[in-house]
Amino acid sequence: MKASPEINQRKTTRQKSASADTLPPGHTAIKVKNIGLRFGEKIVIKDFSLTLFPGEKVVLTGDSGSGKSSLIRCIMGFCAPDCGEIFINGTRLTPESVWNLRQTIAYVPQEPDTGPGTLEQWLARPFSFRINRNIRSNIEKIPGLARRLGLLPDILKTDSCRLSGGEKQRAALLSALLLERKILIADEPTSALDCGSAKKITQFITDLPGVSCLLVSHDSKLAKKADRVVNIP
Amino acid sequence: MQTIDIKIIRLAAYYGLLLIPLSILLWFKVPIIGKTIMAVVRMTAQLLFVGLYLQVVFSLNNPWLNLCWLMVMVAVADFSITRGCGLNTKRFVFPLFCAIVFGSAIPLLIFVGPLLDLPNLMDARYVIPIGGMILGNCLRADIIGVKDFYESIKKDEKRYMLTLSQGADLHEAILPYLRDACRAALLPTIATIATIGLVALPGMMTGVILGGADPMMAIKYQIAIMIAIFSGTAITVVLAILMTARTGFDPYGMLDLEIFTDQT
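If you're matching them up, the sequences are chains A and B in order. Residue numbering for the first sequence follows this note's numbering, starting at 1 and increasing by one per position. Residue numbering for the second sequence follows this note's numbering, starting at 1001 and increasing by one per position.
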């Protein structure tokens, strides 16, 4: 999917509201403004900005250690940047807003830790959270979505500790999709997949209608299918 | 029936029994000989001090003094838990203190109040030994529970983050770790309750029997104290985790690694 003229136009008409807690609604899915992050003496991210528009699919690339995963952690509110601002759906990420903003993002980690229990139990767990109870009926979509992501039906009864890396990645994507969120952030979503599965997943993600995707990846096929590739220096 | 007193000289000679386990440790080169000797020296010094102090406390039997002594016991337990868990004393000492006070006061007050119907609830002869038994068990269980809770979240950071990303609030995200920590902390007490009398005669029952009481009276005390210990440990473990969670996590819901004194 290529960037629509509407998206390109939005790229040129970004509004500046540096210190405000909200941006005009619907304007950006994610806006990262001049963030910096350091761990001790080591500078991990230096003055980096990024905008993800609604419905846009952006691949984030960069050398190992360039701070891609740290940037994802900052956007998810798992660590606070030392400087700069992050806006999700126009709302500034703060300790107060993070709890609501996390509920608008589906996150697929690079190495999902599924914990004990069967895959089916793991996939059902998020629906025990108060915020997801109103979409509990989505559990019924698990077999169909699993099939579309190349997961065999038997796997749902398997102890999730026994799944391969690729199966866990697809299971995490399946879990993220069940939550029906408008933003998808995935860290190397195809890194543990074989060529065929990677192609299928790439197609699946890039075809997701109306979902803004920020994908950390070194996969050239995924980069070609994306609307934009952003390199983190 | 009078309890036979132990002569000091004979007790001193009884220390000689320790030569057998120390010889075994030395023979097999188990590297805990120094720690064992140190522990025995500490035990002797602490018990002698407490014995002398309790003689005064028991003879005065002042409710406020007894309460102060209980608070000292809670404070010592509190510092022992933070040190035993490898957690930052400055940040954890107050919430843990509150958890221990509430958790141990409930079973203790019900024991000396409705159960024994004591005219003076703060009677040193009852409140100090029973409080000490409850606190001692709470200390052991809290170290296991609190340590297990924070270290599990630290170890499972990725799983914990994924749970937060799936929409869990802090309470929902920590709930599986709270369950596991309670299980780890309470299982030893449950095992003790289940095998009591069959595997070992517990300390309190032995003490009451040695004090010249009827064995059935000793058993009634033992049943009550086991209920008090289990209630106290369960309440303090849950309270300790919930009350420390306010300081153990940052405003984003992430575990603050600075709570660990050993950050290796």
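Don't read these hints as lab results, they were simulated from the structure. Any given hint could be a false lead.
Subject to a maximum C-alpha distance of 27 Å in a straight line, what follows is the list of computed DSSO-like cross-link-like pairs (lysine-lysine) [as the list claims (entries may be wrong)]:
| no. | chain 1 | residue 1 | chain 2 | residue 2 |
| --- | --- | --- | --- | --- |
| 1 | A | 46 | A | 141 |
| 2 | A | 141 | A | 168 |
| 3 | A | 224 | A | 168 |
| 4 | A | 42 | B | 1158 |
| 5 | B | 1155 | A | 33 |
| 6 | B | 1155 | A | 168 |
| 7 | A | 157 | A | 168 |
| 8 | A | 199 | B | 1090 |
| 9 | A | 33 | A | 182 |
| 10 | B | 1147 | A | 42 |
| 11 | A | 200 | A | 182 |
| 12 | A | 157 | B | 1147 |
| 13 | A | 141 | A | 200 |
| 14 | A | 225 | A | 199 |
| 15 | A | 182 | A | 199 |
| 16 | A | 182 | A | 225 |
| 17 | B | 1158 | B | 1147 |
| 18 | A | 168 | B | 1158 |
| 19 | A | 168 | A | 200 |
| 20 | A | 157 | B | 1155 |
| 21 | B | 1090 | B | 1155 |
| 22 | A | 33 | A | 46 |
| 23 | A | 182 | A | 221 |
| 24 | A | 182 | B | 1155 |
| 25 | A | 200 | B | 1158 |
| 26 | A | 141 | A | 182 |
| 27 | A | 224 | A | 199 |
| 28 | B | 1154 | A | 141 |
| 29 | A | 225 | A | 157 |
| 30 | A | 168 | A | 182 |
| 31 | A | 200 | A | 157 |
| 32 | B | 1147 | A | 46 |
| 33 | A | 200 | A | 224 |
| 34 | A | 33 | A | 224 |
| 35 | A | 221 | A | 157 |
| 36 | B | 1090 | A | 168 |
| 37 | A | 200 | A | 225 |
Keep in mind that this is a model prediction, so the values were computed, not measured.
These are the hints, each one checked on the structure:
no.	hint	result
1	A:46 with A:141	violated (42 Å)
2	A:141 with A:168	holds (18 Å)
3	A:224 with A:168	holds (25 Å)
4	A:42 with B:1158	holds (22 Å)
5	B:1155 with A:33	violated (32 Å)
6	B:1155 with A:168	holds (19 Å)
7	A:157 with A:168	holds (14 Å)
8	A:199 with B:1090	violated (53 Å)
9	A:33 with A:182	holds (21 Å)
10	B:1147 with A:42	violated (30 Å)
11	A:200 with A:182	holds (21 Å)
12	A:157 with B:1147	violated (33 Å)
13	A:141 with A:200	holds (19 Å)
14	A:225 with A:199	holds (10 Å)
15	A:182 with A:199	holds (22 Å)
16	A:182 with A:225	holds (19 Å)
17	B:1158 with B:1147	holds (19 Å)
18	A:168 with B:1158	holds (13 Å)
19	A:168 with A:200	holds (16 Å)
20	A:157 with B:1155	holds (26 Å)
21	B:1090 with B:1155	holds (23 Å)
22	A:33 with A:46	holds (11 Å)
23	A:182 with A:221	holds (23 Å)
24	A:182 with B:1155	violated (30 Å)
25	A:200 with B:1158	holds (26 Å)
26	A:141 with A:182	holds (18 Å)
27	A:224 with A:199	holds (12 Å)
28	B:1154 with A:141	violated (33 Å)
29	A:225 with A:157	violated (34 Å)
30	A:168 with A:182	holds (22 Å)
31	A:200 with A:157	holds (23 Å)
32	B:1147 with A:46	violated (37 Å)
33	A:200 with A:224	holds (14 Å)
34	A:33 with A:224	holds (26 Å)
35	A:221 with A:157	violated (32 Å)
36	B:1090 with A:168	violated (41 Å)
37	A:200 with A:225	holds (12 Å)
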